[in-house]
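Residue numbers (our numbering), protein chains in the order written: chain A, 167 to 444; chain B, 349 to 757.
These aren't lab readings, by the way, just hints derived from the structure by calculation.
From a predicted model like this one, the values you see are computed outputs, not experimental measurements.
Any given hint could turn out to be false.
[Said to hold, decoys possible] When the alpha-carbon atoms are kept at most 30 Å apart in a straight line, the in silico BS3-like pairs for lysine-lysine are as follows: (1) A:282 - A:181; (2) B:593 - A:437; (3) A:282 - B:363; (4) A:437 - B:379; (5) B:652 - A:282; (6) A:181 - B:379.
[What the hints assert, rightly or not] Example chain B residues on the side facing chain A (calculated, C-beta under 8 Å, incomplete): (7) 429; (8) 441; (9) 445; (10) 464; (11) 504; (12) 542; (13) 546.
[Unchecked claim] Using C-beta positions, here's what the derived DEER-type ranges look like: (14) A:184 - B:492: 38 to 48 Å; (15) B:362 - A:369: 52 to 62 Å; (16) B:475 - A:184: 17 to 27 Å; (17) B:369 - A:239: 37 to 47 Å; (18) A:325 - B:482: 38 to 48 Å; (19) A:379 - B:428: 49 to 59 Å; (20) A:171 - B:492: 54 to 64 Å; (21) B:577 - A:358: 13 to 23 Å; (22) B:369 - A:325: 48 to 58 Å; (23) A:170 - B:577: 38 to 48 Å.
C-beta: ideal position from N, C-alpha, C; glycine also.
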Amino acid sequence: MKSNVASRLTIAFFKSVSLFWSFRDLIRQLVLRDVTGRYKGSYLGLLWSFLNPLFMLVIYTFVFSVVMKARWGLHEHEGHFEYAITLLCGLIPFNIFAESVSRAPGLVLAHANYVKRVVFPLEILPAVVLFSSLIQSAISLAIVVTFAWLFLGVVSWTIIFLPLAILPLLALSLGIGWFLAALGVFIRDIGHTVSIMTQALFFMTPILYPASAIPQQFRPVFELNPLSAIIEAVRCALIWEKSPPWLWLGIVAALSIAVYLAGYYWFMRSKPAFADIL
Amino acid sequence: MAFLAESEPAVILDKVQKVYRLYETPIHRLKQALWRGRRNYFRDFTALSDITLRVKTGTTLGIIGLNGSGKSTLLQIIAGVLQPTVGAVRVKGRLTALLELGAGFNSEYTGRENVLVNGAILGLMRYDVDRLIPQIMDFAGIGEFFDQPLKTYSSGMIVRLAFAVATSVNPEVLLIDEALAVGDAPFQMKCFQRFREFQDAGKTIIFVSHDIGAVQQLCDQGLLLDHGRIMAFGDPKEVSQEYTKIVRLSSKEMNIKVSEAGKRVMRMGTKEMEILGSSLNGSENGDGITLNYGEKVCLSMKVKFNREIDRPIVGCLVKMMNRFEVAGANNFYEGHALRPHKGGEVADYEISFPMLLSPNTYYLSLGVAYEDDGIVRADYIECAFIFRSLSRRPIPCGIVDLDMEIKEI
Numbered sequence: 167m168k169s170n171v172a173s174r175l176t177i178a179f180f181k182s183v184s185l186f187w188s189f190r191d192l193i194r195q196l197v198l199r200d201v202t203g204r205y206k207g208s209y210l211g212l213l214w215s216f217l218n219p220l221f222m223l224v225i226y227t228f229v230f231s232v233v234m235k236a237r238w239g240l241h242e243h244e245g246h247f248e249y250a251i252t253l254l255c256g257l258i259p260f261n262i263f264a265e266s267v268s269r270a271p272g273l274v275l276a277h278a279n280y281v282k283r284v285v286f287p288l289e290i291l292p293a294v295v296l297f298s299s300l301i302q303s304a305i306s307l308a309i310v311v312t313f314a315w316l317f318l319g320v321v322s323w324t325i326i327f328l329p330l331a332i333l334p335l336l337a338l339s340l341g342i343g344w345f346l347a348a349l350g351v352f353i354r355d356i357g358h359t360v361s362i363m364t365q366a367l368f369f370m371t372p373i374l375y376p377a378s379a380i381p382q383q384f385r386p387v388f389e390l391n392p393l394s395a396i397i398e399a400v401r402c403a404l405i406w407e408k409s410p411p412w413l414w415l416g417i418v419a420a421l422s423i424a425v426y427l428a429g430y431y432w433f434m435r436s437k438p439a440f441a442d443i444l
Numbered sequence: 349m350a351f352l353a354e355s356e357p358a359v360i361l362d363k364v365q366k367v368y369r370l371y372e373t374p375i376h377r378l379k380q381a382l383w384r385g386r387r388n389y390f391r392d393f394t395a396l397s398d399i400t401l402r403v404k405t406g407t408t409l410g411i412i413g414l415n416g417s418g419k420s421t422l423l424q425i426i427a428g429v430l431q432p433t434v435g436a437v438r439v440k441g442r443l444t445a446l447l448e449l450g451a452g453f454n455s456e457y458t459g460r461e462n463v464l465v466n467g468a469i470l471g472l473m474r475y476d477v478d479r480l481i482p483q484i485m486d487f488a489g490i491g492e493f494f495d496q497p498l499k500t501y502s503s504g505m506i507v508r509l510a511f512a513v514a515t516s517v518n519p520e521v522l523l524i525d526e527a528l529a530v531g532d533a534p535f536q537m538k539c540f541q542r543f544r545e546f547q548d549a550g551k552t553i554i555f556v557s558h559d560i561g562a563v564q565q566l567c568d569q570g571l572l573l574d575h576g577r578i579m580a581f582g583d584p585k586e587v588s589q590e591y592t593k594i595v596r597l598s599s600k601e602m603n604i605k606v607s608e609a610g611k612r613v614m615r616m617g618t619k620e621m622e623i624l625g626s627s628l629n630g631s632e633n634g635d636g637i638t639l640n641y642g643e644k645v646c647l648s649m650k651v652k653f654n655r656e657i658d659r660p661i662v663g664c665l666v667k668m669m670n671r672f673e674v675a676g677a678n679n680f681y682e683g684h685a686l687r688p689h690k691g692g693e694v695a696d697y698e699i700s701f702p703m704l705l706s707p708n709t710y711y712l713s714l715g716v717a718y719e720d721d722g723i724v725r726a727d728y729i730e731c732a733f734i735f736r737s738l739s740r741r742p743i744p745c746g747i748v749d750l751d752m753e754i755k756e757i
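Please model the complete structure; the sequences and the hints are all you need to start from.
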């Protein structure tokens with residue numbers, strides 16, 4: 167019985183991974199379309215992907231460091247950009263999650279003609295959204311890291327740990343994305359619920375404040391939030407020049423893979439019913 | 349059953365059934381989910397029942413049937429877009445489906461971008477699509493529009509592009525749902541050529557059509573669906589005849605009331621002469637008549653004279669459904685007189701002509717009049733008969749088929 171479940175999970179895992187390979191051209195086309203689609207018709211086009219994080223950096227620095235005089239408070243000599251850079255190192259990974267999760271419920275509905283009129287691998291849609299936001303975020307993160315290196319001089323070899331923080335994030339986002347994309351077909355209210363939930367999650371995750379600022383009695387709640395571990399790990403790798411919290415990250419990675427598999431399984435199970443409902 | 353082995357079926361349907369659950373309100377759907385089958389809030393609607401079908405590799409199958417007979421559902425099930433409620437479907441080889449015009453196309457993007465994405469959806473790698481693009485452009489024949497956004501296209505251009513993409517990917521099984529009806533005559537010509545190429549290459553084609561002419565011309569086999577059941581399967585000619593019967597039956601059920609009401613309203617004249625009855629090729633009921641190209645059509649009517657008429661005139665008029673007059677004649681225009689009749693007499697008249705009209709639906713009006721200081725209309729029945737004409741060839745062009753002979757001299 168146990169081995170049966172294990173083998174089915176293994177099969178599901180390999181099936182879902184082989185998906186990205188066998189539809190790589192389609193995924194690439196659709197991601198490209200999604201990324202360029204955001205700037206279609208604008209004069210500056212893809213340049214906006216570079217301008218956005220720059221403006222955010224400037225505005226956050228002005229508002230938080232200059233006006234509100236906020237300090238991250240980890241050490242004495244904080245530079246002007248430090249708060250904004252630390253903030254963005256948390257915000258950008260969070261946005262990968264938030265974007266793919268909040269777009270998921272309407273995803274299948276928006277592609278109704280892919281459901282009913284063509285033979286289309288619907289399961290790649292959440293992946294397309296995820297990769298599209300990953301590309302955006304990679305550009306933003308590269309700019310933030312460049313700033314961190316120029317103005318804070320903090321970027322070191324620990325940057326090689328970044329993929330270890332990002333991979334669980336992708337698995338988690340995709341798993342939840344699959345789950346919500348399928349659920350959104352059956353229950354259309356999901357979209358609204360999810361946008362409220364992601365807003366709440368934003369404040370419950372140490373993005374605007376350091377994890378160390380959380381009172382001791384609330385710690386377990388925050389440690390249960392997988393995004394906390396991921397964001398801590400990203401900051402460790404990029405600007406704190408140390409290795410990520412291995413145990414915490416390891417548990418979160420295992421959890422993410424479980425969510426990924428469950429989401430995939432749920433999506434594939436409910437997929438045959440889509441055409442009857444839409 | 350050894351002979352089955354030599355030509356293996358490309359598509360096998362085994363006792364396929366498709367049942368939809370209809371809910372009155374969305375709340376019922378939720379309640380159903382919450383009660384998990386302990387209570388039922390839905391009505392069953394059977395779209396297809398007991399469909400068992402083997403389509404051999406290399407056959408062209410035409411599916412015909414009235415609206416709502418389950419044709420498209422069947423095609424969607426073969427395509428794998430819909431799952432059958434009961435039964436199994438197996439398709440051998442790569443399948444392409446043209447279920448709806450430009451489905452999977454995005455109107456904001458150019459033809460080229462859409463072809464790239466569509467090709468990827470159909471399972472092609474980028475370099476394959478790049479290789480096929482000149483061929484697709486050539487077949488679609490939309491010129492510089494290829495690099496314009498799809499929203500600037502006419503519907504005919506979208507069909508061209510969709511058909512070009514779907515057939516360029518070289519599928520082993522091709523499904524087409526009434527896509528060919530759009531597009532102008534030259535493009536239809538191209539489509540039929542491509543059709544023939546596919547047939548010659550031994551590919552399997554399944555298409556849905558209302559046009560029995562096309563089914564008879566192009567298909568090796570026909571399938572007639574009615575209310576989700578297979579009514580006939582086999583020789584396309586016989587299947588088309590069955591279809592004509594069903595059309596006649598259903599028009600008797602639905603349309604006859606309309607046209608009778610129409611007749612009463614649309615009947616006019618002095619009633620000095622009166623049409624007692626009429627028939628078209630022996631059919632007295634006004635609708636659902638199908639006439640083959642070249643067939644001799646015979647319109648007969650019984651006329652009662654209510655007073656003495658010296659110079660009676662008998663005639664008829666054929667119109668298209670949009671009231672465009674196609675043809676008409678009466679003995680006055682033809683320049684010959686009919687025998688005079690006394691009051692109370694009854695006469696039988698017959699008007700005959702060869703069927704030369706292109707495939708379409710037409711209606712026929714008939715009337716009697718007499719000559720007396722001009723023409724006085726005595727009795728006139730607008731839309732006495734509705735008929736469909738069937739073509740001798742797949743591609744219609746114009747209203748009249750003059751059976752032109754083409755040769756080199």
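- [ ] Closer than 8 Å between Cβ atoms is the bar; does residue 429 of chain B clear it against chain A? Give me holds or violated.
- [x] holds (6 Å)
TODO: Would you check whether residue 441 of chain B satisfies its interface hint, that is, whether its CB is within less than 8 Å of any CB in chain A?
DONE: The hint is violated - residue 441 of chain B has no Cβ within 8 Å of chain A, the shortest such distance being about 13 Å.
Open item on the list: So, as I understand it, the hint says residue 445 of chain B touches chain A; can you test that by seeing if any CB pair is closer than 8 Å?
Closed with: holds (6 Å)
Open item on the list: Taking the Cβ atom of residue 362 of chain B and the Cβ atom of residue 369 of chain A, is their distance within the range 52 to 62 Å?
Closed with: Hint holds: Cβ distance 56 Å, inside 52 to 62 Å.
Open item on the list: What's the verdict on residue 593 of chain B and residue 437 of chain A, does the C-alpha distance respect the 30 Å limit or exceed it?
Closed with: Violated - the C-alpha atoms of residue 437 of chain A and residue 593 of chain B are around 40 Å apart, more than 30 Å.
- [ ] Mind checking the hinted window 13 to 23 Å against the Cβ distance between residue 577 of chain B and residue 358 of chain A?
- [x] violated (44 Å)
Task: Restraint status (C-alpha distance of residue 181 of chain A to residue 379 of chain B at most 30 Å) - done: violated (34 Å)
Open item on the list: Please check whether residue 379 of chain A and residue 428 of chain B have a Cβ separation lying inside 49 to 59 Å.
Closed with: holds (54 Å)
TODO: May I ask you to test the interface hint for residue 546 of chain B with respect to chain A, counting a Cβ-Cβ separation under 8 Å as satisfied?
DONE: violated (19 Å)
Open item on the list: Run the distance test for residue 282 of chain A versus residue 363 of chain B: straight-line Cα separation, threshold 30 Å.
Closed with: holds (22 Å)
Open item on the list: Tell me if the beta carbons of residue 369 of chain B and residue 239 of chain A are separated by a distance inside 37 to 47 Å.
Closed with: violated (59 Å)
Task: Supplied distance hint 48 to 58 Å, evaluated on CB atoms of residue 369 of chain B and residue 325 of chain A - done: Given about 55 Å between the Cβ atoms, the range holds.
Violation of the numbered hints given earlier is confined to hints 2, 5, 6, 8, 11, 12, 13, 17, 21; the remaining hints are satisfied by the structure.
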